[in-house]
Amino acid sequence: MPDPILQIAGLDARYGDFQALYGVDMTLAEGDVLAIIGANGAGKTTLMRSIAGLIRNGADEIKFRNVPIGALRADQVARRGIALVPEGRQLFPSLSVEENLLIGGRSGRQGPWSLKRVYSLFPILEERKRQPSTSLSGGQQQMVAIGRALMANPDLILFDEISLGLAPIVIRDIYRALPGIVSQGMSAVIVEQDITKALSISSRVYCLQEGRVSLEGASTTVSREDISRAYFGIE
Amino acid sequence: MEWLNAVIQGVLLGGLYALFAAGLSLIFGVMRLVNIAHGDLIVLAAYLGLTTSVALGLHPLLALVLVAPALAAIGFLLQIGILNRTLGNDILPPLLVTFGLSVILQNALLEIYTADPQKMDAGALETASVSLGGISLGVLPLLTFAVAVAIVGALQWVFYNTALGRAFRATSDNQDIAQLMGLNKAHVYGYAMALALAVTAVAGIFLGIRTSFDPAIGGSRLIFGFEAVIIGGLGNLWGTLAGGVILGVAQTVGAKIDPGWQLLAGHIVFLLILAVRPSGLFPKVTG
Amino acid sequence: MSAGPFKVTRSSRAARIAAVAGLIVLLVLAAAPWWAGRADMRLLSEVFLYLALASLWNLMAGYAGLVSVGQQAFVGFGGYLLFALTIFAGLHPVVALLAAGGLAALVAVPVAALLFRLRGAYFAIGTWVMAEVFRLVFAQVGALGGGSGTSLPVGIVKSLAASRSGREALSYWLALGAAAGTIAAVYLFLRSRKGLALTAIRDNELAARSLGIDIWRTKFIVYVVTAALTAIVGALIFLQKLRISPDAAFSVNDWTAFVIFIVVIGGIGTLEGPIIGTLVFFALRETLADLGTTYLLVLGLVAIVVMLKAPKGIWGLIQIRFGLQLFPLGYRVLGNLANKEN
Chain F
1 MPDPILQIAG LDARYGDFQA LYGVDMTLAE GDVLAIIGAN GAGKTTLMRS IAGLIRNGAD
61 EIKFRNVPIG ALRADQVARR GIALVPEGRQ LFPSLSVEEN LLIGGRSGRQ GPWSLKRVYS
121 LFPILEERKR QPSTSLSGGQ QQMVAIGRAL MANPDLILFD EISLGLAPIV IRDIYRALPG
181 IVSQGMSAVI VEQDITKALS ISSRVYCLQE GRVSLEGAST TVSREDISRA YFGIE
Chain V
1 MEWLNAVIQG VLLGGLYALF AAGLSLIFGV MRLVNIAHGD LIVLAAYLGL TTSVALGLHP
61 LLALVLVAPA LAAIGFLLQI GILNRTLGND ILPPLLVTFG LSVILQNALL EIYTADPQKM
121 DAGALETASV SLGGISLGVL PLLTFAVAVA IVGALQWVFY NTALGRAFRA TSDNQDIAQL
181 MGLNKAHVYG YAMALALAVT AVAGIFLGIR TSFDPAIGGS RLIFGFEAVI IGGLGNLWGT
241 LAGGVILGVA QTVGAKIDPG WQLLAGHIVF LLILAVRPSG LFPKVTG
Chain E
1 MSAGPFKVTR SSRAARIAAV AGLIVLLVLA AAPWWAGRAD MRLLSEVFLY LALASLWNLM
61 AGYAGLVSVG QQAFVGFGGY LLFALTIFAG LHPVVALLAA GGLAALVAVP VAALLFRLRG
121 AYFAIGTWVM AEVFRLVFAQ VGALGGGSGT SLPVGIVKSL AASRSGREAL SYWLALGAAA
181 GTIAAVYLFL RSRKGLALTA IRDNELAARS LGIDIWRTKF IVYVVTAALT AIVGALIFLQ
241 KLRISPDAAF SVNDWTAFVI FIVVIGGIGT LEGPIIGTLV FFALRETLAD LGTTYLLVLG
301 LVAIVVMLKA PKGIWGLIQI RFGLQLFPLG YRVLGNLANK EN
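Those protein sequences? They're chains F, V and E, same order as listed.
Residue 131 in UniProt numbering sits at position 131 of the first sequence, with consecutive numbering throughout.
Residue 41 in UniProt numbering sits at position 41 of the second sequence, with consecutive numbering throughout.
Residue 139 in UniProt numbering sits at position 139 of the third sequence, with consecutive numbering throughout.
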């Protein structure tokens, strides 16, 4: 088994007084795609924000290539090679499409991804590169958000609910592009509401329920019954 | 002709006010901080200019080569060391801390330089003038105005055409997501304050050449700058320049009516604009 | 209420002791003309007037979220109106200072309507601009001495009381009354429906709005009432000084900077804070006064450190440490009491 790129151990994440995660353990092998599923409020986004450094935790609770990163700030985490495609896309409204992509690449990490490469993946963005990011459709904005994360040439990319609020045809296009992205030696964590999609793209799946891991397994072998039990907490 | 003269002198005076305001506008645009000590920092720049030009025998404008970087450094350290800790949802900490800084600066300057008014000696530049169609224009006010236009243009360019400007705008849009891009918020704010205080240095030097100054005048410089920012519309640098010009014209025309009315006329125009167009004359168009 | 074995109360043992102690202190202070010297009484009067200003600023900033750095507008307005109404309208000084309060409220209405268009920190500087307008306007009034100011005529001073000691006692009691009255007024206001609404706004503006609390109106009322009371205190300040000038009357340092430092150091958003802050301020001033400007440097530094390290001020630290509340504003739930009463 290859070395794990990400190890999460006993993660208790909090928002102020509210505890959102309880002792979450998770391992991601280099080059793997891991899917996280769970109902609304199960803690999926909290987990993503914790990995990305937007929520600070105990240093050892999250390790990236065996280095503790749990207590680092988001910008420090980003410079180590983790990029987040946040829920709701969250583009910079004052920046044009191209500027949004450029700012993603400002850390200067070397790798396969460049402006040119992103434009060849999503040609529509090149046509609209001078436009304000707010003028794009939801699907195009999601492409910018993904492109912005890729521009950082991360070793680990986190996708938080990339299909939320998008038309089915757009979701299909984005999911078609994903394997090409991840096969570039990148590892990925994907949070997805659509369980079928999550299983199809990932090699391992974790289910969160009320802040705890309720199921973990290989995406090809977990049964639907196990998932619905873990998802809804029905015994 | 006399009225036209008053208006033209007012436009040129507006250049100085735009210099007072540009730093405030920049800081507010990037981090929503209103720095009450801004006027005192302008005065600090004037004193530093005085000291360096006297000590090194430099022309005050040349002293800028030293004073601008010095103020930029002060700005960066101030932001990293103190002001970043005050930023958040509550408006009280930044206000009170910069208010405290204002009192500290004023009294420190008083301690070092005493309350006696000082002035910088810019030689022939102070009295030189050109005649234009019967109106005599001072070279110094013309230069001040030209520098104000150049600085606003330069800030605008930095904002919209450089990586630093992108970082400013991104951090202003969404701090968290900007951090995800590897931007250290604390440093971005530090650079913004450094840039703002470098501009403040220019404002302070021109102030100190134009008029005499003492440690207590910071408050009213802050107010002039603030009025220019609000008149022009928050977050619009060219608007800030226009706001400075409007304020300057209001003051010179007011003074023409009655010398005691100079400052009052400026404030009244500000309040009128606030009553009619609360978001300023040229508010930033948001997408 | 027989709902359960609990009793909800505002009172506490500390609050009851504080009320009794406060009353005793008030009585002792009221008797000062019989036990204190002239200089002590002057100092105490100044303490009382600063306490009143601090309590008022605290009501605005600490409860209503209106951070003003322009309250000198109303201090100076009150002072000038006292002079104008006694000199030109022939009013008795005590009547004049109440009238000054009423007129300040009237002036505050359009001022608030204008300034409330500015948000947050810009509101703060807007209040400063307004204070400058007030200063410049009064400096234009030639009959009141223009830019150099004027003194209160001897005849008006004598109309207060025939003897010097009588005048000093009256002016002392007025200052004490202003402080006690202001604190009582702020306390009662905060206990009223409007006051509760204010606390709700401070704690969560969005939730308060959704509960149908008219935020603008409540803040507006606070601003106007505070302006009136600030003007009365201003009138008292210049009744003590007997001389007024635009620079003294509208000084941002004297009437706003010091007041803000008092509230921040004592503890913003508590009724106790301004009291503690005023005592600390005068203790610092009396010990460091010889240092001149250094004293102000120290004051600014202390305020910054308190704001950064203990944003709830000295009283906040005491509250965390001992759970004390001297002014019973919050409610406490007590167990077991109902059992005894049943």
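Treat the hints as calculated values from the structure; they're not laboratory data.
Please note that a few of the clues may not be correct.
Stated by the list, open to error - Pairwise CB distance ranges, derived in the manner of DEER restraints: (1) E/Leu196 - V/Ala115: 17 to 23 Å; (2) E/Leu188 - V/Pro283: 41 to 47 Å; (3) F/Tyr22 - E/Asn253: 51 to 57 Å; (4) F/Gly217 - V/Pro283: 54 to 60 Å; (5) F/Gly10 - V/Gly153: 51 to 57 Å; (6) E/Phe88 - V/Arg32: 43 to 49 Å; (7) F/Pro112 - V/Ser220: 53 to 59 Å; (8) V/Ser220 - E/Val154: 34 to 40 Å; (9) V/Ala186 - E/Arg217: 54 to 60 Å; (10) F/Phe18 - E/Val95: 53 to 59 Å; (11) E/Leu23 - V/Ala186: 49 to 55 Å; (12) E/Ala14 - F/Gly58: 35 to 41 Å.
To be verified - Some chain E residues judged to face chain V by a derived CB distance under 8 Å, without partners named: (13) Leu114; (14) Val129; (15) Glu132; (16) Val137; (17) Val141.
Stated by the list, open to error - Restricting the straight-line Cα-Cα distance to at most 20 Å, the calculated cross-link-like pairs of lysine to any residue (SDA-like) are: (18) F/Lys129 - V/Gly165; (19) V/Lys185 - F/Arg65; (20) E/Lys312 - V/Gly165; (21) E/Lys309 - V/Pro93; (22) E/Lys312 - V/Pro93; (23) E/Lys312 - F/Gly16.
Yeah, the Cβ is synthetic: ideal placement off N, Cα and C, and Gly gets one too.
Checked hints:
Checked against the hint of 17 to 23 Å, the C-beta distance between E/Leu196 and V/Ala115 comes to roughly 48 Å, which is inconsistent with it. Against the hinted window of 41 to 47 Å, the Cβ-Cβ separation of E/Leu188 and V/Pro283 comes to about 42 Å, which satisfies the hint. Taking the beta carbon of each, F/Tyr22 and E/Asn253 are about 54 Å apart, inside 51 to 57 Å as hinted. With their beta carbons about 56 Å apart, F/Gly217 and V/Pro283 fall inside the hinted range of 54 to 60 Å.
The hinted window of 51 to 57 Å between F/Gly10 and V/Gly153 holds, with their beta carbons roughly 55 Å apart. Distance hint check: the CB atoms of E/Phe88 and V/Arg32 are about 47 Å apart, consistent with the given range 43 to 49 Å. At roughly 58 Å, the beta-carbon separation of F/Pro112 and V/Ser220 lies within the given 53 to 59 Å, and the hint holds. Distance hint for V/Ser220 and E/Val154: a CB-CB separation of about 36 Å, consistent with the stated range 34 to 40 Å.
Checked against the hint of 54 to 60 Å, the pair V/Ala186 and E/Arg217 fails, with Cβ atoms roughly 40 Å apart. In this structure the hint that F/Phe18 and E/Val95 lie 53 to 59 Å apart at CB holds, the actual value being about 58 Å. Checked against the hint of 49 to 55 Å, the pair E/Leu23 and V/Ala186 passes, with Cβ atoms roughly 51 Å apart. Remark: the range hint 35 to 41 Å for E/Ala14 to F/Gly58 is upheld by a beta-carbon distance near 39 Å.
Interface hint at E/Leu114: satisfied, since its Cβ lies 6 Å from the closest Cβ of chain V, which is below the 8 Å cut-off. Proximity of E/Val129 to chain V holds as hinted, the smallest CB-CB distance being about 6 Å (cut-off 8 Å). About 6 Å separates the beta-carbon of E/Glu132 from the nearest beta-carbon of chain V, less than 8 Å, and the hint is met. With a least beta-carbon distance of about 7 Å to chain V, the hint placing E/Val137 at the interface is held under the 8 Å criterion.
Against a cut-off of 8 Å between C-beta atoms, the interface hint on E/Val141 is violated, since the closest Cβ of chain V lies about 11 Å away. Of the pairs offered as hints, the one joining F/Lys129 and V/Gly165 holds, with about 18 Å between alpha carbons and a cut-off of 20 Å not exceeded. Taking the CA atoms of V/Lys185 and F/Arg65, the gap is about 25 Å. The hint is violated against a cut of 20 Å. Pair hint E/Lys312 plus V/Gly165 does not hold up; C-alpha atoms about 37 Å apart against a cutoff of 20 Å.
With a C-alpha separation of about 11 Å, the suggested pair E/Lys309 and V/Pro93 falls inside the 20 Å cut-off, and the hint holds. Restraint check for E/Lys312 and V/Pro93: the C-alpha separation of about 11 Å stays at or below 20 Å, so the hint holds. Straight-line distance between C-alpha atoms of E/Lys312 and F/Gly16 comes to about 19 Å, which keeps the hinted pair within the 20 Å bound.
Hints 1, 9, 17, 19, 20 from the list above are not met by this structure, while the remaining hints are.
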